[in-house]
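Peer 1: Both chains are given apart, each in its own frame, so use the hints to dock them into the complex.
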Amino acid sequence: MTDAAESSPNLNLTRVPEVGCAPIGSAAEMHLAHLWESAPGWRGWLSTVDHKEIGLRYLVTAFIFLLMGGIEALIMRLQLARPDQTLLTPEQYSQLFTMHGVTMIFLYSLPILSGFSNYLWPLMLGSRDMAFPRLNALSYWVFLFAGIFLYASFPLGEAPNAGWFNYVPFAGLEYNTGPNIDVYALGMVLLGISTTVGAINFVVTLFRMRAPGMSIDRVPILVWGTLTASVANIFAIPSVSLAFFLLWLDRQTGTHFFDVVNGGKPLLWQHLFWMFGHPWVYAVVLPAMGIVSDALPTFCRRPLVGYSAVALSTMATMLLGFGVWIHHMFAAGLPTLALSFFGAASMVISIPSAVAVFAWIATIWLGRPVFNTPFLFFAGFVILFVIGGLSGVMTAAVPLDFQLNETYFIVAHLHYVLLGINVFPVVGGIYYWFPKFFGRMMNETLGKWSFWVMFIGFNAGFFPMHLAGLLGMPRRIYTYAPNMGWSTVNMVTSVGSFVFAAGILLFLVNVVISLKRGALAAPNPWDAPTLEWAMPSPPPAYNFAVIPFVASRHPLWEDRLDEGAGRSSLDQGYLLMEGRETIGTTPLDAIPDIILKMPEDSYTPFFLGLFSALAFTGLLLHWGGFTVLMALACSLSLIAWMWPRKALVQRVPDIKQNTGAVHG
Amino acid sequence: MAEAMQQDKPLPVGSEGKRSGGWWGVLALIVTEGSLFGYLLFTYFYLASQTEQHWPPEGLPALAVPGMNTLILLSSSVFVWACERCIKYRQLRWSLASMALAFILGVCFVVIQLNEWSKKTYDMTSDLYGSLYFTITGFHLLHVVVGLIILLMLLLWIALGYFDDRRYAAVTIGGLYWHFVDVVWLFVFTTLYLSPYLY
Chain V
10 MTDAAESSPN
20 LNLTRVPEVG
30 CAPIGSAAEM
40 HLAHLWESAP
50 GWRGWLSTVD
60 HKEIGLRYLV
70 TAFIFLLMGG
80 IEALIMRLQL
90 ARPDQTLLTP
100 EQYSQLFTMH
110 GVTMIFLYSL
120 PILSGFSNYL
130 WPLMLGSRDM
140 AFPRLNALSY
150 WVFLFAGIFL
160 YASFPLGEAP
170 NAGWFNYVPF
180 AGLEYNTGPN
190 IDVYALGMVL
200 LGISTTVGAI
210 NFVVTLFRMR
220 APGMSIDRVP
230 ILVWGTLTAS
240 VANIFAIPSV
250 SLAFFLLWLD
260 RQTGTHFFDV
270 VNGGKPLLWQ
280 HLFWMFGHPW
290 VYAVVLPAMG
300 IVSDALPTFC
310 RRPLVGYSAV
320 ALSTMATMLL
330 GFGVWIHHMF
340 AAGLPTLALS
350 FFGAASMVIS
360 IPSAVAVFAW
370 IATIWLGRPV
380 FNTPFLFFAG
390 FVILFVIGGL
400 SGVMTAAVPL
410 DFQLNETYFI
420 VAHLHYVLLG
430 INVFPVVGGI
440 YYWFPKFFGR
450 MMNETLGKWS
460 FWVMFIGFNA
470 GFFPMHLAGL
480 LGMPRRIYTY
490 APNMGWSTVN
500 MVTSVGSFVF
510 AAGILLFLVN
520 VVISLKRGAL
530 AAPNPWDAPT
540 LEWAMPSPPP
550 AYNFAVIPFV
560 ASRHPLWEDR
570 LDEGAGRSSL
580 DQGYLLMEGR
590 ETIGTTPLDA
600 IPDIILKMPE
610 DSYTPFFLGL
620 FSALAFTGLL
630 LHWGGFTVLM
640 ALACSLSLIA
650 WMWPRKALVQ
660 RVPDIKQNTG
670 AVHG
Chain X
24 MAEAMQQDKP
34 LPVGSEGKRS
44 GGWWGVLALI
54 VTEGSLFGYL
64 LFTYFYLASQ
74 TEQHWPPEGL
84 PALAVPGMNT
94 LILLSSSVFV
104 WACERCIKYR
114 QLRWSLASMA
124 LAFILGVCFV
134 VIQLNEWSKK
144 TYDMTSDLYG
154 SLYFTITGFH
164 LLHVVVGLII
174 LLMLLLWIAL
184 GYFDDRRYAA
194 VTIGGLYWHF
204 VDVVWLFVFT
214 TLYLSPYLY
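Protein chains in written order, with this note's numbering: chain V, 10 to 673; chain X, 24 to 222.
Not one of these hints is a red herring.
The list that follows gives simulated cross-link-like pairs (lysine-lysine, DSS-like), each with its CA atoms no further than 25 Å apart: (1) Lys111(X) - Lys655(V); (2) Lys41(X) - Lys111(X); (3) Lys655(V) - Lys41(X).
To give an idea of the chain V side of the interface with chain X (calculated C-beta under 10 Å), a few residues: (4) Arg24; (5) Ala208; (6) Asn210; (7) Arg217; (8) Thr262; (9) Asp268; (10) Gly272; (11) Gly273; (12) Pro601; (13) Val658.
These aren't lab readings, by the way, just hints derived from the structure by calculation. Just so it is clear, CB atoms sit at the ideal spot from N, CA and C, and this is done for glycine as well.
Chain X with its partners taken away, still in its complex shape (with noise of 0.2 Å):
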């Protein structure tokens, strides 16, 4: 019989947080999909070095709603990481709550980024810049949308009693990934908005 292997240990049945697949898988995941993006900032940066125009086109960008914006969509991650917390400590009101309110900013933060677009002046085709600025915080939208696809689903499984404190893997692996698309914000938001004030 193999060493010492203690074979009488009570174990862990299905989806169970941390052991299960879908943790490992969406890890996996997000290590794709952060090389994804990059990949994505490293296309600005390298193009941005070799331009020989005015960059941005536009002059410096406003700091003012893109930054509330981003608060804005750091604070829908800690509501979605209370919502964990609640159903861990069997608050399943309050979870419900949290996520609706997670969902909500999230969507606040989707309203402001479509209303920042319709004011430019400039769109994809009208020169480099603009292919790269449409291209990465569309790139950035689409997984936004996909979060709260995402965040929608767990909002009506939790409001359908799938979860407790003893099975809730779901909404720690979506949970996962939404503050994936949320960090990885602050990547996009520091390279498009923050960097061209270094140069």
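Excised from the complex, chain V in its bound form (with noise of 0.2 Å):
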């Protein structure tokens, strides 16, 4: 067992996969560091496919587009403040707002939950990385550069300036002849290949690369979460991207998809774009809601009840989710029995939210609650996700959202959703993973402050937006009249978004302070029950130096619980170290199916990363030539990535083999 360490890799065709212990120490496991670590310097920083890696990239860099949408929402904030502002003019404001919905919905929401999954997945399933390490990488690069993009013209006053949702015919060239919208539709094509991508990988994971014994039901529900926001995505980002492709060919070539003049159809860019902007919605708050479903539990001190219930309603939220787009077009003049259609499935979702909140409230209610500052978060989203929820179902009835459409409630509605669903469980998840990250305990005292400031600020912000939209005001507007009775529900919205503001700044000075000087974490200091919790602090980076067998939903909780069948094995299990290795398992049994041979680190990911974001820079500008050639490179990036090579036993050995004469 340990001779097959020292000899060089081997390239048989099968193996019975060897059974052992590498305790930290061991030659074994000082083997396994060897294969798996970067290269140290900048060569490992361009070149590394490690997922813990990349899923830390994600988060910093989602996090920084928080903080620059944050910032864009506070200079409108202070627009608003008092009637008759000048500070903005109109089209500073449609630009701030519009790239205000672009980064956060597009550039942090889903990217931010992307990152937990892609360094939490491969760690609570009990693989060594993803079922493709150099397409997550590309999906990263490709965000970043697509992000980049998307900010381009920002400095030089040519922001997107049509809203996050871009209708024609204002997005169209009649209206808007510079180069804002071809920089959105350019930038959102470029961003649906890294998140297509990212979905894919995250489909074929889940399937594949599980530890031997972890069936389907015994996946944490942030598995559940982010498979079923992938699935929704592999579905629905195709919609928008054909819908900014033809847009820009309108704009550009002179096609008529959306021109009316020529028989083209506005509603058919609202059709296509709420199509996938619905699924989206949902696809950026269930990886949120399997946060919490896996962290809440911790901190009561007991399994989350109603396991199944939660994780068949993730599915069916995202399955219905796809037959409620059109509770966007409600007032867009659309037939009354399509109306009453989506109304009704709109409301009918509900159901599923609602057991997975019941799920909570049960789970706090029959456990021993911890009141330390995660908890306080994830409770502080059972909150805001009522609140969010109770309002979504108002607007879900037809005559009511004729009522409240373009209005400040539904601007209300919309954050409280997509911060209280997303910002609290994530900045929540921060505070729980944190020491798994980096290793070290973040302040608790600085993180209660957190929690309240930005939990009385979030709802002073946003509570009296309720009150403006039935007030009758408008949304989009750079500023009102002081008649109009709206003057002193804004002032407080802007007072709250800065005390908000203060708490995102409390939050971030303690990741500042406790990465230096937090107290030293050790492997599991919650006391967590799942897979992640099982190794050092921060992990090696080979995760798991042997891959466990698991026996039941809570690895580490088995002792006291006795959900019977068995105990889980994380000591010994298979050792897998004949170059880079891991395990390959059923879809649905996790029955060990395949020794997966995993790529090396590589520069190509970023290389194709590059050149197809210059391809599309290429595109923006017109210059044909250099398209043409990034488009070349492209080709060329990806064929060297496809090359069969025999150290993945991607193609056959040149010594024969014995047949029938199997290694072991």
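Peer 2: Shown next as structure tokens:
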């Protein structure tokens, strides 16, 4: 068993995976570290395919976008704090609210969840990496470049300015002649590539990369959430990419898809956009709900109540989520039958959401809650979810929506939903997994302060928006007259938004202080049940020294829960160390199926991402030759990537095998 | 120890056919690309159902050449399939010939389709139908070209002796993508060429 580790990489086509132990410091463990660690310096930085590194990059990049979008919001709140302000021109205001939406919805809310899932999935599932490590790196690089692309025209005062939903004909060439919308259209197609390959990676990882014994009914809820979101993205992203591409064609080549004069239909844009847009809303909340479903029980000292119900309701939400897009178009003049159907579907969707809410409440109720910072964020999330869900059911009623449409009530609803169900679980999740990420605990006192400041600021900021909406204040106006009766609510909202920002600032201060001076974290500081807590904090490059055998949903709580059916084996398992290797298992029962050869670090993803971003830049600037050149570079990078390699046993080894003589 | 998990079973190593990651990856890719074509055809039917123009403006499309081209594309799929079977049964020369034939048939499809394009009296910007026709067939043609590059690479790799009956996942995976491109054409063909005959 040990001598196999010393010999040169074994290219046998079949073998019995060796079972053994590899405690820290043993020869086997050091060999694994040698195999999996990236090169130091910029080389490793550009070429790494380690899911933990990529996950952290996603988290940091997306959080920076959150701060940028937040600053845009604060500038808008300064403008709206009092009537008749002149801080911003109408055009500046349009660009700010558009970029605020684009940033928060596309560059923050899903990428931050991809960050969590990238980092945590292999650790939770008992694997050494994602199914496609290089694709993972590509997904990050393209996301980064698309983010930069979308912001490229901002300093020139030519940022997208037609709202994040970008309705035609206002976004068409007739009313919007500058580069603003072209940047948005091409940037979104580019970003779509990143999201799609990321989603494919998650789906295949779930089906193939779980530790032996981690059958489908034993995976954490975060995995269910991200799986559901990823499947939805695979179906939904093409819709928005196509819509933006057709719009770009209309603007640049003179096609007629949205061109009213020549038979095109502006409503086509709304259909394509919202057929994507509504599933996307669930894609950016379901993994966050998964964070709560996994982390909240740790602080209630008991398993989640109704695991199966929550897992099924996660998928039911998404399934229904594909059939409610018309509720964004109630006021667009569609037939009454369509309105009734989609209104009813939008009400029905509250049922699976309520199942999850009652599961969390029951978990708190039946547990022994520990009131520390992550718990506060998760409990706060439940309250905000209920408020946001309630205003959602209200707007699902067609007659009421006619009244509330295009008012601040909608703004209030969507912020309760997106901040409540995304930002609060995300910040809570960072408090929870920070020790795993960096090996240090976050400061608890500062943490509690940051929660209360954020929670109070959030409600002070966004609850009055409901009132502003009921008082008739429309969305997207850059200022208002003093005699409209909206002055007080707007002032309260602006003050609240700055209090909320102060809470975020406290959180950031806490991150910086804790990174330097936080108490060192043990492998499992919260006494949590899932696999990621079974390894040192931060985890080694290879994740699991041996691939564990999993016997239950809570591998680290088995002794006290006594869920029956044996015990998981964490110290003894598959060694798999003839090159970078991990185990592939069957999709449902997780029975070992194949020994997967994992790729080495590679520069190809970085260059493929760079070339594709440059190709889109060429399209934007009408540099035909340059675009063709970059497309060619992309093709060559892909061919180099796909070239079958002996080391990965993608092609036959030179030495003929003795038939039947299996190594072992 | 976990239940009666059998731990001493020999397992395949590396990219083994349908157990390889790539097979699952290309399945997911096909789902998302299939959706893309679904949305494209939705766009066609949505605009066709709402238009007040004569549809298609040039009258019903002729079926002879596109029909023949459809058969050419489908037959190339058959040869890709045959190529994979030949590798499985260690007939490497036959597999090489079969893949070469599939590639040539694919190129024929592209040439005939480009010729079809050049015969049209309208272009992308003439009217709504022109925009739809050239965008939808253009999307498909782009996929055919990508598929042909894949077939060409597979041809090269087979010629270099990279594959035999033990490891040939790349052929399975690349072949599946080609089958997808061909099946999608059936939907595009039905939409653009057959459905106008129904109303």
